[in-house]
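J.: Listed here are the chains, written in short residue letters.
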Amino acid sequence: MNCLDAETLAAWFDGGLSGAALEDVRSHVATCARCQALVGAMGRTRSAVPAPQLERHPRWWLAWTVPAAAAATALVIWIAVPHQTNVAVNPSPAPALQKEEASPQSTLPPAPAQPESAAPAAAPATPARQTRAKAEAAPPAATPQAANDALQQAPASLNETVSVRSAAAPPAAAERRDEAERQGAVAGQLQARAAFRNNLCGPMWPAPPSEVAAQVTAGSSPSTAVCWIVGRAGTVLRSTDRRTWQRLTFPLTADLTSVTATDAQSASVVTADGRTFLTVDGGVTWIQR
Amino acid sequence: MPIDATLARRLYLKARAERWRVPLERFAEALERGAERGANLETLHLDDLALACGCAAGDEEAWEHFIREQRPTLYRAADALDPGGGARDLADGIYGELFERSLFRYFHGRSSLATWLRAVLAQRHVDRLRAGQRLEPLPDDELAASGGPAKAGPYEAGPYESDRCRELIRDALTRAVSELPSRERLRLACYYAQELTLAETGKLLGEHEATCSRHLARTRKTLRGEIERQLREQHTLSAAEIADCFGAASQDPGELDLRQLLRMEPDRKESRVDRSRVRGRT
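First to last, the sequence lines map onto chains A and B.
Counting along the first sequence from 1, when you hit position 104 you're at 104 in the numbering used here, and nothing is skipped either side.
Counting along the second sequence from 1, when you hit position 96 you're at 385 in the numbering used here, and nothing is skipped either side.
Bear in mind the hints are in silico, worked out from the structure with no lab data behind them.
Since we're looking at a predicted model, the values are computed, not measured.
Ideal placement from N, C-alpha and C gives every residue a C-beta, glycine not left out.
There could be a bad hint or two in this list.
Simulated coverage check for chain B against chain A, where a stretch passes if three residues somewhere in it have a Cβ under 8 Å from a Cβ of chain A [as the list claims (entries may be wrong)]:
hint: 1; stretch: 322 to 328
hint: 2; stretch: 355 to 362
hint: 3; stretch: 392 to 399
hint: 4; stretch: 461 to 474
hint: 5; stretch: 481 to 488
hint: 6; stretch: 492 to 505
All chains, full assembly: derive it from the sequences and hints.
T.: The structure is reproduced here in structure tokens:
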């Protein structure tokens, strides 16, 4: 077989060869210095090709799971941890509740209506707190299903306590519980959103500047040293040193919903109304596609 | 190889070739050229083939689209091949040929346009380098034979022993590599000599990167075992001497270059080592 021409080489790299033609190419390259050098040159140009969208979509597509999982976790924690308010106002405690009242935790003041996961109070290690500590120490639940699994690992008596209390709680306690639940879920979502904003480029990247942190919506990190972030009102940030963020000028004040960067100079962004803009000079100029 | 008109029509629509005002007949001709190259028409990069046909036909929108989408790829590839900018002229040359439309006829859709452009550039870059190397003088024989100054290290064998060890191992490795199946040689060449990633190497060989990694480990073990066997059986070295030889070779491999061995073509597989000299010393 003769040396590979460019078209055959490209077809080999893109999986366009099969059967005898593919085997011929492989056996030829195994013993041909020039064709091996071609393969090496192709390998060196890999950075020229933008990362396929397929690899980016799941990250963005699954981004909703972050706040969802956090909210589910907050809800699980709220359910798993007994709220003293319920105990205090319950006129006729059920057997399981009596068991809880016998624990040191029953002497604590009513739980504040704030997210339990945000600032865990120092308290004696009761079974319930142990459960919460376990829930907090466990790896973050990646999905609501994982959160449910974590809930199922709670002691049976705890589940029993929750169910009994839910049935016996008077309307006022139920309202407080609903309010606490709502606030807990909202706080969990806010925390998750903050975590999402701070991890647009990955866990080891610095958070965006505080003045624009609330506006960012998407990020793209084409290499270990480069990351682009976009957000509302034409916000475009870029970091090329993993330490500092540079604010780039964008010609519009439109909200930007996604960014796909290929390197420190080239990126395309999409506005909320679906327009795509491209830069190949590090954000100095933008061209609408 | 004539293409069925219904199939050509279906692929034409699938490629949305009408965007670039490509006549069906012209697109069918491109398909025929691909079929002649053994392409599976169902798996062609039809979008890119339609764009190439549009550019070749002189459609301005197609050309603008091509410039916007592909020219950055071409120049980024040139910079990746030569960060000093030495490959930019090659990219310019390719761009010029594309502008004159002559080059598009060699694109058959078996790959994406981006990969094809990288391949065209890689081919010209490698050929230019090889042409340049042919004009360079050969290295001084004595310097090459000595393998350069030995590096400092814990191995305390004298220069004579070190040289001998390197020669023995080079000889054994050359033979071991030459006896490897073609597929294993290719895997070694892609991964070690050409520094492709495991995923890229696996893709070229049609295997998963984990499989590729396992095969590489197995091949390394095979080579090591074969070298040890040759040193033990043919040169009657003891286990300690074999270990010393490996130590010396790893400290200072000298001419021991796997890249060179893997690039040797079948008719040049014979060792470059003067075996009579090795035997004499043994």
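J.: Now tell me, hint by hint, if it's right for this structure.
T.: Here's how the hints hold up against the structure:
1. Check result for the stretch 322 to 328 of chain B against chain A: holds, 3 residues qualifying (beta carbon to beta carbon below 8 Å, three or more required).
2. Given a C-beta distance limit of less than 8 Å, the hint that chain A covers the stretch 355 to 362 of chain B holds, as 3 residues qualify and 3 suffice.
3. Counting residues of the stretch 392 to 399 of chain B whose beta-carbon sits less than 8 Å from any beta-carbon of chain A gives 4, enough to reach three: the coverage restraint holds.
4. Taking a C-beta to C-beta cut-off of 8 Å, the stretch 461 to 474 of chain B contributes 3 residues in contact with chain A, enough for the three needed, and the coverage statement holds.
5. Requiring three or more residues with a Cβ within less than 8 Å of a Cβ of chain A, the coverage given for the stretch 481 to 488 of chain B holds, as 5 such residues are present.
6. Figure legend: the stretch 492 to 505 of chain B, annotated as covered by chain A; annotation consistent (4 residues with Cβ-Cβ distances under 8 Å, at least 3 required).
Of the numbered hints given earlier, the model fails none.
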